[in-house]
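Top line first, the protein sequences correspond to chains P and C. The working numbering runs 2 ahead of the 1-based position in the first sequence. The working numbering runs 2 ahead of the 1-based position in the second sequence.
Mixed in with the good hints, there may be bad ones.
Identical copies carry no separate label here, and so any pair may be met within one copy or between two of them.
[What the hints assert, rightly or not] Heads up, simulated DSBU-like pairs for lysine-lysine below, C-alpha to C-alpha not over 35 Å straight-line:
(1) LYS64 with LYS166
(2) LYS166 with LYS44
(3) LYS166 with LYS122
(4) LYS44 with LYS122
Honestly, the hints are just simulated from the structure, not real lab data.
2 protein chains.
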Amino acid sequence: MRTENAWYIRCGFVTNGIMAKRTYDPNNYLIPPPNLDQGLCKALSGVDQNGEATDLFVINEKPLTLYLNSREVVTMMTIGDHPRFLALGFLANQAMLDPDNPVTAVDFDEDLDVVVVRTKHATDYEEKLKKRVRTSGCAQGTVFENVMEAFESRSLQSIDAPLKTSWLYELTAKINVTPSLYLGAGAIHGTVLCKADEPLVYMEDVGRHNAVDKVAGWMVDTGTDGADKILYTTGRLTSEMIIKTVMMGIPILVSRSGFTAAGVELARQAGLTLVGRARGRRFVALSGEERIVFDSDPDEISEEDPRHQRKGAHV
Amino acid sequence: MRTENAWYIRCGFVTNGIMAKRTYDPNNYLIPPPNLDQGLCKALSGVDQNGEATDLFVINEKPLTLYLNSREVVTMMTIGDHPRFLALGFLANQAMLDPDNPVTAVDFDEDLDVVVVRTKHATDYEEKLKKRVRTSGCAQGTVFENVMEAFESRSLQSIDAPLKTSWLYELTAKINVTPSLYLGAGAIHGTVLCKADEPLVYMEDVGRHNAVDKVAGWMVDTGTDGADKILYTTGRLTSEMIIKTVMMGIPILVSRSGFTAAGVELARQAGLTLVGRARGRRFVALSGEERIVFDSDPDEISEEDPRHQRKGAHV
Numbered sequence: 003m004r005t006e007n008a009w010y011i012r013c014g015f016v017t018n019g020i021m022a023k024r025t026y027d028p029n030n031y032l033i034p035p036p037n038l039d040q041g042l043c044k045a046l047s048g049v050d051q052n053g054e055a056t057d058l059f060v061i062n063e064k065p066l067t068l069y070l071n072s073r074e075v076v077t078m079m080t081i082g083d084h085p086r087f088l089a090l091g092f093l094a095n096q097a098m099l100d101p102d103n104p105v106t107a108v109d110f111d112e113d114l115d116v117v118v119v120r121t122k123h124a125t126d127y128e129e130k131l132k133k134r135v136r137t138s139g140c141a142q143g144t145v146f147e148n149v150m151e152a153f154e155s156r157s158l159q160s161i162d163a164p165l166k167t168s169w170l171y172e173l174t175a176k177i178n179v180t181p182s183l184y185l186g187a188g189a190i191h192g193t194v195l196c197k198a199d200e201p202l203v204y205m206e207d208v209g210r211h212n213a214v215d216k217v218a219g220w221m222v223d224t225g226t227d228g229a230d231k232i233l234y235t236t237g238r239l240t241s242e243m244i245i246k247t248v249m250m251g252i253p254i255l256v257s258r259s260g261f262t263a264a265g266v267e268l269a270r271q272a273g274l275t276l277v278g279r280a281r282g283r284r285f286v287a288l289s290g291e292e293r294i295v296f297d298s299d300p301d302e303i304s305e306e307d308p309r310h311q312r313k314g315a316h317v
Numbered sequence: 003m004r005t006e007n008a009w010y011i012r013c014g015f016v017t018n019g020i021m022a023k024r025t026y027d028p029n030n031y032l033i034p035p036p037n038l039d040q041g042l043c044k045a046l047s048g049v050d051q052n053g054e055a056t057d058l059f060v061i062n063e064k065p066l067t068l069y070l071n072s073r074e075v076v077t078m079m080t081i082g083d084h085p086r087f088l089a090l091g092f093l094a095n096q097a098m099l100d101p102d103n104p105v106t107a108v109d110f111d112e113d114l115d116v117v118v119v120r121t122k123h124a125t126d127y128e129e130k131l132k133k134r135v136r137t138s139g140c141a142q143g144t145v146f147e148n149v150m151e152a153f154e155s156r157s158l159q160s161i162d163a164p165l166k167t168s169w170l171y172e173l174t175a176k177i178n179v180t181p182s183l184y185l186g187a188g189a190i191h192g193t194v195l196c197k198a199d200e201p202l203v204y205m206e207d208v209g210r211h212n213a214v215d216k217v218a219g220w221m222v223d224t225g226t227d228g229a230d231k232i233l234y235t236t237g238r239l240t241s242e243m244i245i246k247t248v249m250m251g252i253p254i255l256v257s258r259s260g261f262t263a264a265g266v267e268l269a270r271q272a273g274l275t276l277v278g279r280a281r282g283r284r285f286v287a288l289s290g291e292e293r294i295v296f297d298s299d300p301d302e303i304s305e306e307d308p309r310h311q312r313k314g315a316h317v
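Build the full structure now, drawing on both the sequences and the hints.
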């Protein structure tokens, strides 16, 4: 039986205690992506194109039910790491946390797959849960109508944050070679919170909405401001990703994938710099171009090493 | 200003009345994918990595609200083609259509972005709408609990349908070079209903759940049986895709993307043949391998032409 552990070796997982050469050290992150030893994947047996038995590392997802105080809000399918961040980030990005009503506890029950966020006073979630909209594609699926009201009251226009193209190239190069579940098992999205040319917090999940919510939850938990940050995602730049980024107060969103028209429209409305199709030396910005500082010669940037190329045009 | 119409030319769209050489003719389909002239995309202006102005074709998505008789079920974000199929397929895949309560009309109001499915008798949707589960990743977002009951009552185990590897290679080759929104604008998912080595119905949407629901709606509308069909998707093989395929009675699901553990488990439970990472000569099957007939030598299959390579490992 052939096991696909070439993947391990190729992306620098340390089965032999030595990191591959072209790896960006996860210790450089405040929060690195999960690694294959955390039990978030399992090996499943099948056959390949030659009819030969083969084992494949596959991401495990499981339900996590979120309560706000005594009321059930939603059940999410997630890889299961960082339930605290996922819970806090989901609520923050849904405009369901109120600065005047602080969170007093986040309790995670691993056996029940339940996470409970408690606040000082009762919450008015019921009104907010009334109206759900099934969002696009690979999206969160449900957006509560009050989020749009919160979104429309926010603007990033006044944030004077540059995006140097040298940072952009540096960030994508580092993220591409960071050992991650994606490099180890595939079929997963990543979202990375960055500052200048440094990736800081790298979250992964089957749904990119969970990955971005986990970043948001980390920001809430640590009181981190978004104004001097850059958000990187492997996923498409749909309405939902734009709404979440604006809710997080981050003025710049970068993706290696493409755009949707509704996403671009919302980004322009909020003053969000939107960079898509960022691969190797190429990218396109369709909103907030004025923040971009062209301090690199694209011709001096190499195209991506095919071994580290993430896919993702239609993610 | 540079317009990205190299994309048009590359993928065989006929700005000059001549199809590119390596194109699979959309006229071979019962329902071909949409083309760029249908107003489902628009050109947006931005800048590229050189700071030069550029136009990009971007998919347009808009809300469509579905009513079952007089009750609102869900609002979907969609590219907007085939609202009738999307409505019927969504309801069928949610086990909300009952053979004993036939559909009498499907009314689409383009101005209101509303589609209404009417049935002979009243429906018990209210009970069914009670419990929603936010599903994984790039998934539909909401699965109603009754779907799981319907799923568990179905089995594809007894369907004696072969999957010849020669069909698999032929199908992926044809689909890859069919002019489509993906080849024209990117950032979109495709789902294709196939029979043996012939792709029949090719639907696209920002969300792969919409693309598969549109295929399901076409099957409902035309009374097409799934037992002798193969379903191809560009998206990951998550729980939701498995559930929908089983609801459609199709015994074989093929994807160029990867698996999740929960999806594999459901496929094995239902007796669904699950083939993933199908690119060029390679693929892996993790469920229902007994249906596969290895009638091709993989070494004689060429790797994909990079110009036609769809991305999609983490879609």
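Here is how each hint holds up against the structure:
1. LYS64 with LYS166: between (39 Å within a copy, 33 Å between copies)
2. LYS166 with LYS44: For LYS166 and LYS44, the Cα distance is within 35 Å only across copies (28 Å; inside one copy 40 Å).
3. LYS166 with LYS122: neither (42 Å within a copy, 61 Å between copies)
4. LYS44 with LYS122: neither (40 Å within a copy, 48 Å between copies)
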